[in-house]
Amino acid sequence: MAILKPIRFPIWVAKRYLISNASVRFSGFLKVVAILGVIIGIAALTVTVSIMFGFGHELENKILGFEPHITVLSEADSQDARKLSNLIKEKISPDNEVVPFVMGEAILKVSELDDMSPTGVKILGLPYLPPHLLEKVKFFWGKGWWIRYVLPLRSGIITGIDVGYQAGTSPYYNDLVQLVVPFGTVDPLGNPSPTKKTYQIISQFESGLYEYDSRFVILEYDAAKKLLGLQGREGVWVTLGDKTKLKTTYNDLKRLLPSCKIYTWKEKNKKLLGALKLERMMMLILLILIILIASFSITGLSAIIYFSKRRDLAIMKALGSSQKDILLIFTLYAAMLGAIGSLFGILIGIIGSRAINGFKLPATYYLDHIPTLLNFPMLLIIFIGGILISVAAAYYPSKKARDLEPVSLLRCE
Numbered sequence: 099m100a101i102l103k104p105i106r107f108p109i110w111v112a113k114r115y116l117i118s119n120a121s122v123r124f125s126g127f128l129k130v131v132a133i134l135g136v137i138i139g140i141a142a143l144t145v146t147v148s149i150m151f152g153f154g155h156e157l158e159n160k161i162l163g164f165e166p167h168i169t170v171l172s173e174a175d176s177q178d179a180r181k182l183s184n185l186i187k188e189k190i191s192p193d194n195e196v197v198p199f200v201m202g203e204a205i206l207k208v209s210e211l212d213d214m215s216p217t218g219v220k221i222l223g224l225p226y227l228p229p230h231l232l233e234k235v236k237f238f239w240g241k242g243w244w245i246r247y248v249l250p251l252r253s254g255i256i257t258g259i260d261v262g263y264q265a266g267t268s269p270y271y272n273d274l275v276q277l278v279v280p281f282g283t284v285d286p287l288g289n290p291s292p293t294k295k296t297y298q299i300i301s302q303f304e305s306g307l308y309e310y311d312s313r314f315v316i317l318e319y320d321a322a323k324k325l326l327g328l329q330g331r332e333g334v335w336v337t338l339g340d341k342t343k344l345k346t347t348y349n350d351l352k353r354l355l356p357s358c359k360i361y362t363w364k365e366k367n368k369k370l371l372g373a374l375k376l377e378r379m380m381m382l383i384l385l386i387l388i389i390l391i392a393s394f395s396i397t398g399l400s401a402i403i404y405f406s407k408r409r410d411l412a413i414m415k416a417l418g419s420s421q422k423d424i425l426l427i428f429t430l431y432a433a434m435l436g437a438i439g440s441l442f443g444i445l446i447g448i449i450g451s452r453a454i455n456g457f458k459l460p461a462t463y464y465l466d467h468i469p470t471l472l473n474f475p476m477l478l479i480i481f482i483g484g485i486l487i488s489v490a491a492a493y494y495p496s497k498k499a500r501d502l503e504p505v506s507l508l509r510c511e
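Per the numbering used here, the sequence shown runs over residues 99 to 511.
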């Protein structure tokens with residue numbers, strides 16, 4: 099023992115047990131089973147985590163591609179959205195995108211096909227298409243790409259792509275649709291009455307989110323305001339150039355406009371984001387349990403080595419090895435098994451994540467494809483976690499080996 103350095107000796111013994119252990123029955127098979135169990139668990143965890151991170155990132159991009167960071171709803175019938183947007187731009191957000199809007203519910207019908215089922219839609223009235231919409235949402239222009247720069251909203255309607263599928267319309271064939279607002283105005287007797295108007299479809303948009311593509315139509319602001327009448331709700335979209343200033347800008351708006359309802363995109367989608375967070379947590383717990391179950395084979399393998407190598411361990415102790423050295427041998431052995439399994443599991447998980455990235459999903463899901471995002475700090479945590487779980491699995495056999503009494507054992511031998 100004197101000629102062997104204290105740290106190198108446990109490493110050398112652990113490597114010997116890992117590489118060659120022919121004297122232990124079924125040791126090779128058990129090692130393969132133990133490593134495979136860790137590989138499968140880590141690979142499944144890697145793929146799942148990459149999908150969850152990818153889904154969250156893609157969902158955020160899709161939502162913010164159509165919605166603003168902050169929405170300000172004006173007081174009912176008391177403040178024009180254009181004046182409100184000018185105030186916000188002047189006082190709070192001179193460098194951000196501030197756009198007035200009006201929104202309301204309507205029924206969409208195909209003008210030439212009265213027998214077609216009407217479709218319920220949400221009208222979004224905008225004075226122009228904001229830059230974040232043009233940048234992140236796909237538009238299919240029936241008269242060519244150049245029309246977007248020639249006041250396109252004044253000449254017709256833009257529908258979600260799934261709204262077009264449901265109605266059987268397209269911007270390429272000059273199709274006409276009729277919008278009906280059930281309680282848009284009041285007749286001379288004071289009773290609510292519908293307002294309706296026919297529009298030509300000039301474009302369709304595809305945001306990638308079924309909720310928007312199947313419900314929304316876009317009109318020019320003044321036309322939408324006139325059509326919606328009493329049912330219209332006005333407000334302002336505030337899209338930030340720097341999303342890290344979300345909380346600061348939100349607080350500034352609350353102070354400037356205490357009587358207006360103001361909410362962020364996170365507050366609006368609170369239930370969805372909360373459900374995703376809960377689902378992510380439950381999936382992680384289930385997969386960690388799978389890895390724990392797989393690590394039981396490391397417990398069994400370490401126990402078999404302990405029982406078959408008790409004489410060798412007793413001799414090591416008799417020659418001067420400390421309890422710490424014996425504990426370190428089994429700890430390093432389990433750590434090596436865990437490291438091999440975790441490394442190959444992560445590699446297989448990365449390959450699997452790349453393979454399924456972009457896989458198409460049915461239209462009823464929030465996203466139209468499976469997105470994956472490899473988060474390297476998370477991969478490092480998974481790698482270290484796999485090793486720690488493997489070490490924890492070998493704790494009991496390690497403790498038994500550490501507490502072994504060499505004198506009584508060698509006397510019996």
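These are computed hints drawn from the structure, not numbers from a lab.
Misleading hints may appear alongside valid ones.
[Stated by the list, open to error] Restricting the straight-line Cα-Cα distance to at most 25 Å, the calculated cross-link-like pairs of lysine to any residue (SDA-like) are:
(1) K352 x L171
(2) K236 x L471
(3) K220 x L471
What you are looking at is a predicted structure, and each value in this text was computed from that prediction instead of being measured.
### Query
Under the criterion that the straight-line Cα-Cα distance not exceed 25 Å, is the pair K236, L471 satisfied?
22 Å, holds
### Query
Hey, K220 versus L471, does the alpha-carbon distance stay inside 25 Å?
32 Å, violated
### Task
Please work out if K352 and L171 have their alpha carbons no farther apart than 25 Å.
With Cα atoms ~12 Å apart, K352 and L171 stay inside 25 Å; holds.
Of the hints listed earlier, the one the structure fails to meet is number 3.
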